[in-house]
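Participant: With the sequences and hints as input, model every part of the structure.
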Amino acid sequence: MFTSPSRSMSRWLFWSAGIVASYVLLAWLVLGVRSTEIVLWPSAAVAAFALITRGPSMVPAVLLASWVSNYLLLGWGLQASLIIAAGDALGPLLGWWVLRRRPARWQEFQTTSDAIWFIAAMGMMAAAVSAAVGATAAAFYGIGHTPLTPDLGVQWWVTDMTSIVVLTPAAALLRALSWEEMKASLHWETVLAPLLALVGTLLTYTMPTGQSALPIGLASLVFLPLLWTAMRLPLAVSASLNALIAVVIVTATVLHHGPMYSMLGSDRFVSMQIILLAMAAALLLAGLLANERSQALKQVRDINATLEKKVNRRTAALQIAQATTQAQLRFQESLLNALPNPVAFSDPQGRFTRVNVAFNLLVGLGGPEIHGRTGTQILGTTLGRIWEEMDHELLSGSQQATREAPYLHPDHEPTVWILNKALVRDAVSRQIVGVVTSMQDITALKQLQQQLSEDEQRFRFLAEESPVPLVITRTTDAALLFSNKAADALFRGSYAQYAGQSMRHLWGDSVSRDQLLQRLQREGGVVRGMEAQFRRFDGTEVWLLLSVTRGRYRDDDALIFAFKDITEVKARESELRNLAYTDTLTGIPNRRYFMARAAAELRRAQREGTPFAVLALDIDRFKLVNDQLGHQTGDAVIRCFAQTCMQQLRGQDLCGRLGGDEFAILLPQTNRQVAFDVAQRLRLAIQEASCLPPASQIGMTLTTSIGIAEFLPISSISDSDELLDRADQALYRAKESGRNRVEIWTAEPGAPV
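First residue of the sequence shown? That's 608 in our numbering, and the numbers climb one at a time after it.
No lab work stands behind these hints: they were computed from the structure.
Virtual Cβ for every residue (Gly too), placed ideally from N, Cα, C.
Listed next, the in silico DSSO-like pairs over lysine-lysine satisfying Cα-Cα at most 27 angstroms (straight line): (1) Lys905 x Lys917; (2) Lys1092 x Lys1171; (3) Lys1230 x Lys1342; (4) Lys916 x Lys905; (5) Lys1092 x Lys1177.
Per label pair, the in silico range of CB-to-CB distance: (6) Thr981 x Val1075: 58 to 64 angstroms; (7) His1112 x Ile1173: 18 to 24 angstroms; (8) Gln1235 x Glu1329: 35 to 41 angstroms; (9) Ile1321 x Thr1240: 43 to 49 angstroms; (10) Ser1101 x Arg1037: 56 to 62 angstroms; (11) Arg839 x Gly662: 29 to 35 angstroms.
Facilitator: Structure representation (structure tokens):
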């Protein structure tokens, strides 16, 4: 696969070979027809074409082709051939350089400026340089059999210039012509006009030679179809036709035919060159002028077509916008009339311009009777005055105005309306174009407000005078919104003093209020029969039974309380509870409470797998104390015994009196060793306590015997009674062993501890 440099080299070699072959072949053909007084030198056109199309890279090819033609075909000397070849290459190279340096970019025969610069640079300057170099070489070295004349350089210049101007544009334009452009240009005119020009040329230049000027005049008629092709056909066609006709004219003249040969001597060739040069330049310029005119006309047509499309689109858009606007106006009219509330538009002077059907029904007038009249004229004095005052307020700078106003309906029923007014501005200029007014009948609303106001006054009277304490607080912050006389008396404060202040501090604890809010949410906003402890404003505590509902009070989310003082009831309940679960003599839990706690602790230990212990104890020889010192002393001893036990226990332990001098102690989460230590400490404390009166003569010390029963997770104990029974068995064992000692229950009756 070829790389990019190899492809470029191949292309250069191809073009170079083509240029050399064309140059030498055309020189051979011209020299074969006539070796003296050469009218056209096509090889000069080949050199100019090579530089125009391929640039300076073709200089070696031109140099080689010129040297071959001069040295081999013309038989000139080696040095002269080399110098003339250098001139033939230097001239086109300078012409190419000038074309590339022109102010406007060289576009290869697209504008008349391109043609003028080509004729000046390639036709005149390049040919002049080549001719001057060639004439100089001929003067110094000679050029073989070619005669040297004083005007040899001018002859060569005219010949090269004519060849370049006549032949080079045709070759360059044909090279640039694409196949699509060629097919697009094929029509009857493309074929007929060149055919007429070619046939006319052949007929004119094949006639016999004579001395009359008439043939020369006829020969000039060939210019007319050529000019027609230049103005009407693609430039490549007209330039090619011109080159072909020039070759025909030159060939016929060289072969002694045609009107040009009738001219005198060598003048015929110079005149023919000038005619061909002028005709080629004129046709080239005419064709380019026609192209520029066609392009300008095409641009004008395109602009006109674009403008026409834009105008059509704009017209269609305006028609659509007009139709849309009309549809919107119809929709607005329908919407306006469909509104149940009266709506009216008025201009800045206060004159009605548009109203809906509801407004017509309100005032009892049709549209024509309303339009152009003011608010006072249509709505009466009272409402009309308010109407015009609101218009003036808006036009003075307000953005919107709202006001209530009475109106006497045509059926003489007084009504109340709320007027809402706003300015109407132009969407583009933002200028005020009027005022729109919407009216709403609020008669029923005002009546309802009056009814509600009267109902509120009645409710307030009933609430104020109600014997039930009533309080209303805001839900969010517990601010006091209302309290009646009974509530003021209950809480020992006045509403006037604490209105708006938070009542959170009156709750016994904040948890109760939070629980109340949760119940209200859970139970549909109403809670009945809830008990809670409160603090009065003077600091005293009170128990209250609540009935609460959640609702609205004067636009606030509120809690409405009804209270009942149950302080005495709670005190009686506490007293009864103490009587039921407390030993009246000692103040410690009685048997019922102790057994309930023991059963609960047993269940917890079974559930959690933890041990606990029960102590059974009584007073040694208590019957002797009771018999000798009396029951009052016995009761005092029992109270002292209970207090001593309570002092030795931990916070989680429980001591209870089972009856008489029998006591029991519950030790949660305690094994037998710790229970034994507690029992020993308790036994010593009883022994050292001064529970007996000092003056007693019974001669004894108060002691106690203690039995311990332990519950383990692996135990088979089913209830607390069984555990207490084991502790009693251990107690009896302590009694039998001499009293004032501690025994732990075991399964073997005689097992030591």
